[in-house]
Amino acid sequence: MFRFQSLDDDCTLEEEDDGLIEEEDEIDQFNDDTFGAGAIDDDWQEEHKRLAELDERVGLGGGEVEGEVDSGGSKPGSSIHRPSSSVNPPLQSSLPPFGFSSSSPGLPPQDADDRAREGGLAESLARLILEADPAIAGVGAAERPRPSPSSSASSLSVLHSLDQPRVLPQSSSIPHQRQPQLPPGPITSGLPSSSMLSYQQQQQLLRRGTAPMGQMNSHNIWDNSMSFGPVSVSPGLVTHMEDSPLMSIIKEGGLPKRPPQGRSDEGRDLSERVPPPRSSSPVIGSPPVRAVPIGTPPKQPMSHSLNHQVAGFPRGGPAPLLPGGGFRPFFGGPPPPHGHRMCPPPPHGPPSHIPVRHNTTHLHPQHRRMLTQRMQSRGGDRGRTGGDRSSRDPYSNLMTQKEKEWVTKIQMMQLQSTDPYLDDYYYQNYYEKMEKRQDKERDISSNSKKEHATKLITPQVAKVEHTYRPVQFAGSLGKLTVSSVNNPRKMIDAVLTTRSDDEEKREKQVWNKRRQILYTVEKMYSLLLEVQDFEKRFVQTPEEEREALLEQHKTNTEQLSSSLMEKEWDHRVSDELCVMIMSVRKGKRLVARLLPFLPSSQAAAVVMAIARNLPALAKKDKQDQVLGWLVEPLSPVIQSLSSSALTDLLQELQGGEGQLAVVLQNKFGVTMLYLILSEGERMQSCDPNCQLMDDNRWTELVFSVTRELLSVPASSLSPPLFTPPNLLSLFSRYVDRQRLELLQDKLQISASSR
Amino acid sequence: MNYVPGTASLIDDIDKKHLVLLRDGRTLIGYLRSIDQFANLVFHQTVERIHVGKKFGDIPRGIFIVRGENVVLLGEIDVDKPCDTVLQQVSIEEILEEQRQQQQTKQETEKVKMQVLKDRGLSIPKADNMDEY
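In order, the protein sequence lines correspond to chains A and B. Numbering follows the working numbering, in which position 220 of the first sequence is assigned residue number 220; successive positions increment by one, without gaps. Numbering follows the working numbering, in which position 39 of the second sequence is assigned residue number 39; successive positions increment by one, without gaps.
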């Protein structure tokens, strides 16, 4: 965690620089890393040096864990004050809502003095209202003028600022010192005017955010380190205190001396130091940095009278800063209810026993009461012991108040709830029940006192729609190249363009067609699969449903068979369709699987179509060479053909001019031819009633086949997938001896061939 | 209980002496100086305390930053309460020696056990506690 000091170390006394600093801050509030004093980080280095020296001096031997005695009074580092330059800025902190007149930069000390008195109160009020970060110590010179995050938190700083006027005259040595210190004013110059002191006390009591502050008011650093201010203390009250917390603390801790003496001062309380604030530059696009994180408990109003006045402002002040807007109900309310409720008891009690203030608006009042009691009791126990220890712990408060609040903010964010009943059911219910119980008891005991039953205010975070608008500067070219988790930036401006190329179109058409074919094939496949699975399912279904299944099966098969048919002719397979389907590998597979399921007439028709279109199919199959799949289903079909059908088939196969030649070139074609011939032969030889020879067609066809077979060169004749055995006998029937021998050689068929 | 009533927060534990047990079994004692939303801890003047039997030894470690996910438990030490009289503090060398011996005996017993199991044909796979693989 980085801590940047936002004040230029080198800029000491110069009043004229104040304006400059102010201006600097106005330029770019968020960017004090680069522009502002945040860039200068001397302080942490010095801090480190100091602490390191402290370490050396004390020694870390023996695992000495106990906090070191501040033998180190080494450096009076705990107070961080830039004495001189801080005079005017705080006083002239222009806080528009209040319309305080800002003093001119080069204010002479005595004016500052007066101003301190009159302006200080308002100023402190203003700071209070703006819920300043308590950790930003008086470095505040540069920071003070900044409306939102500035304002010194620690009372010390306030103290210093007010002390300045008195200190200045003596501050000849102050400009020389690099270390911020609590100027010895109040002590060395004797007790200041009581009004001044009381005013200071007021300030302390106001600013209770930090441990140092806590110290001021009580011995118990631990108790009050996180506590939030006392309840309002009326100014008048404080004046009476002679044995003021301030004085007691000063006596106890000892005011930091000037550097020459201070370093060896044993009594120095180094934990009074408040480290410099962190940088507050945000990442563009992320929620704006709040110096006062959401969830910061509010500071306490000074008095009853001021409560109302004060109450108005938190809404006005933090509200614009709220990034989501959702927390408004949360934090808009704190001061008044607090003030009203808690004002009476504590402040008049012993000053060392300050009750812890919580941001407890959203708590059930009972819960709040319990918490307070708990804190009080705990505080009482530890009050004595804690104080000594803390005064000796030089390393305390390495984690600044701001940082603590930051962590708390993150934790608080998890408590946001649009639906408390959903998110924290048990909490809500528990307190509801308790309330009911108490009401009951109260009713039993007394009849009135309904006013005590306060309504439970549950925190509701309004669902605010955030529309992100990218950060833009006027006059810049376009949008910033910054993206965060909330606004992921579009990296590519992709625009769809359609290509109007002719070739593209054609190609596209081809692809479309293919897609169409595949689609058809798929559809048919799904039908086929249903049909194929029918039997399996039939066996499994119970009796009642078998009929329905059967019906469905019938429909399926019909659909399947009709899918191949032409639209007008019921009995003719659509060539186009057939070829289309068979042009893809899957289609061929489909037909192969399909054939057994078709009724014989349709199967025959399909086979016819295949024969008819064989050249085209052969051409399409050149790459895949999968027509062979068809052989197996084809043979039973062929074998079941009637003689006339067979003849027709052979005729189809021979088709037009030169078809047979093409057929012979194709393996499948040859196989098919052989199959047909073989079947014919079988028919002739086995079946005496065969009508194959009834007309001359068969004979003629066979003659033409043999002629073709003989004429075709051997090289172009592709070997079939298998050779039926009876071919020889077939040929012997039709051709003479010589030709037979030739055929034999060519086709490599022999009497004993398989 | 500070800023966020009804919840738990480490904010109140800052600047107090704590004892933290880490996932790798180490015990650290130190002043908790800083935290963040992941419960990453910054310890100051840290001491690693090794316990072997009734003895313990402290090794000063300086400043420790512990990643939140490795914290098993964390508790505040009350410095006022009297120290445990049962435990006896020894020097670093001694405690390290004791620890080494303890590790050794443990390994030996483990080895013997594995051997016995193997002889009986059983095997108990070693629990893989390592995050790296």
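There could be a bad hint or two in this list.
[Unchecked claim] Straight-line alpha carbon distances no greater than 30 Å define the calculated DSBU-like cross-link-like pairs of lysine-lysine that follow:
hint: 1; chain 1: A; residue 1: 409; chain 2: B; residue 2: 17
hint: 2; chain 1: A; residue 1: 409; chain 2: B; residue 2: 16
hint: 3; chain 1: B; residue 1: 81; chain 2: B; residue 2: 17
hint: 4; chain 1: B; residue 1: 81; chain 2: A; residue 2: 49
hint: 5; chain 1: A; residue 1: 505; chain 2: A; residue 2: 622
hint: 6; chain 1: B; residue 1: 17; chain 2: A; residue 2: 49
hint: 7; chain 1: B; residue 1: 81; chain 2: B; residue 2: 106
hint: 8; chain 1: A; residue 1: 409; chain 2: A; residue 2: 523
hint: 9; chain 1: A; residue 1: 536; chain 2: A; residue 2: 505
Rather than coming from a laboratory, the hints here were simulated on the basis of the structure. Quick caveat, the model's predicted, so the values are computed rather than measured.
Check each numbered hint against the structure and report the violated ones by number, ascending. Hint check: 4, 7, 8, 9 fail, others pass.
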